[in-house]
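Produce the complete structure using the sequences and hints provided.
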Amino acid sequence: MTDQGQRARSLIRAAITLTAAAAVYEALARSGYFAPALLPTIPLIARALYASLADGSMLEHAAFTLYRVMFGFGLSMVVGIPLGILMARFRPVENFFLPLVSALMPIPSFALVPLFMLWFGIGNTTTVLIVFYAATFPMLFNTWSGVRSVNPLWLRAAGAMGADEQSLFWKVIIPGASPFIITGMRQAFLRAWIAVVGAEMIAASDWGLGWVIFDAKEFLNTDIMLAALVVIGAIGYLFERLVFGSLERATVQRWGMTRAAKG
Amino acid sequence: MQDAVTTITVMGAPGRSASGDERWRVVARNIFPFVVVGTIWEIVAWAGVFPHRLFPTLEEVALSFVQLTMAGILPHHAIETVIRLLTGFALAAVFGVTIGVLMGRSRRAEDIFLPLVSIGAPIPGLAYAPLFLLWFGLGNISAVLLVGFVAAFPIIFNSWTGVKAVKEIWVRSAQSMGADDRRMFRHVILPGALPYILTGLRLGLAQAWRILVAIEMLAAVPWGLGWMIFGAREFLNTDVMMAGIAVIGIIGLTLEKLVFQKIEHYTVVRWGMITS
Chain A
1 MTDQGQRARS LIRAAITLTA AAAVYEALAR SGYFAPALLP TIPLIARALY
51 ASLADGSMLE HAAFTLYRVM FGFGLSMVVG IPLGILMARF RPVENFFLPL
101 VSALMPIPSF ALVPLFMLWF GIGNTTTVLI VFYAATFPML FNTWSGVRSV
151 NPLWLRAAGA MGADEQSLFW KVIIPGASPF IITGMRQAFL RAWIAVVGAE
201 MIAASDWGLG WVIFDAKEFL NTDIMLAALV VIGAIGYLFE RLVFGSLERA
251 TVQRWGMTRA AKG
Chain B
1 MQDAVTTITV MGAPGRSASG DERWRVVARN IFPFVVVGTI WEIVAWAGVF
51 PHRLFPTLEE VALSFVQLTM AGILPHHAIE TVIRLLTGFA LAAVFGVTIG
101 VLMGRSRRAE DIFLPLVSIG APIPGLAYAP LFLLWFGLGN ISAVLLVGFV
151 AAFPIIFNSW TGVKAVKEIW VRSAQSMGAD DRRMFRHVIL PGALPYILTG
201 LRLGLAQAWR ILVAIEMLAA VPWGLGWMIF GAREFLNTDV MMAGIAVIGI
251 IGLTLEKLVF QKIEHYTVVR WGMITS
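Top line first, the protein sequences correspond to chains A and B. Here the working numbering is used: the first residue of the first sequence is 1, the next is one more, and so on. Here the working numbering is used: the first residue of the second sequence is 1, the next is one more, and so on.
Please keep in mind that the hints were generated in silico from the structure rather than gathered at the bench. Treat the numbers as computed from the prediction; the structure is a model and nothing was measured. Beta carbons: idealized from backbone N, C-alpha and C, even for Gly. Take every hint as true, because none was put in to throw you off.
Below, a sample of chain B positions facing chain A; criterion: calculated Cβ distance under 7 Å:
1) 33
2) 115
3) 210
4) 213
5) 230
6) 248
Pairwise CB distance ranges (calculated):
7) 10/A with 253/B: 41 to 51 Å
8) 62/B with 46/A: 53 to 63 Å
9) 237/A with 263/B: 28 to 38 Å
10) 261/B with 15/A: 39 to 49 Å
11) 238/A with 86/B: 31 to 41 Å
12) 27/A with 50/B: 50 to 60 Å
Here it is, written out as structure tokens:
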């Protein structure tokens, strides 16, 4: 009862905050102190968003961005998860790859954009590779520490019950490491999402949400810029909440493992 | 073991040479992968599979690294970048920790800030870049403000979580021992929340570092490593680009190893909050 009252009050306060913030913004935009081209009113932004959604151009940009991000993210999973498992299971693999990974990790993905532009040109290849580079490291590291942190007691118990190598891997190690792997996927997607927007801005091709924002700057179309920001935020939020939230419920929570690693 | 015995007989200093041998093996093991990758790189570069301008040999990269360092160009770029990073990060740390702690301590502040923060956080920081460029112009102000803005989010979230995670029983026992608000904050809340706050600062700095390189490319600042790399692309100076990327990697590694692991060691570990 009191808990519910508390929650209701929080919701009301949140609504008040957002309304107040919107009102302050609207007042600033209408006050005329700033150029209207730089600070469009909220109805204008809403109209730009609606128009670009209605004629399908925004959806097309979003589709390009999603394609790049999913491609790069998929590649990072294909490389990161097996390599992480190998590194955790076999000592020589770890000895070989760990120094390389530790040396590459502190280099931000954007630093490689100009280099990749020279090597692969402007367009999909560069963007996908940047996304791949950004997303692989969290994927790899979380898988690695996940497999290493599987309770040795479980391994011995399964071994004592006569599990062979294969069922040990699929029935014990993979479920045991899954909270970490899923955390890794979550972090990797976050990184990938940041990387794709940045790469699209710098290595401007003709499509993509990052490019929309950057292109809108040239023509002072601040309303389109903010509309694209809304779309980017919405997609990021949807993935974080819906995709990874439900993935976690379907695997980790059903297997009765709590989420051990926090992003 | 065999090797260790032979060294002992040769060197005649049993304890030291054995541990030295061990250390050598670790060093060799860490260097080996780089030697392999470097050799492959050299072979590909010499074989001329790719145009030489785009795929320089390692000697050329090292040479331009040395030349640029001697000429003072590389240090100048690096210092400007680091100053920008630290200024932006300082802004983020001050505002982020303040807002985060306020949110953790007061229900009202939480209700006010949480919706704003949760709307701003899922948008990638760089997406704000053109907006900041329009509002604050090209150059340093935009770059520093954007870095601060982006780095503030993880700091806010972690400070907030940290203050909320302080054990209720500590707070109550301090209260029953008659601690006033100030003492409570200094001696209970702050040490209790510190592991989280440090994690937040660490994530914030990493975030700031990642964004800074990109914003330097977009904001047309006069000096800065990001700009250097981006500028070198125009003239196909791939070796200069590689040298810049190497410096960026070194700075990133230094930040992580020297700054944060030290801080963590001196505060959190000493207070016994975590073991490491």
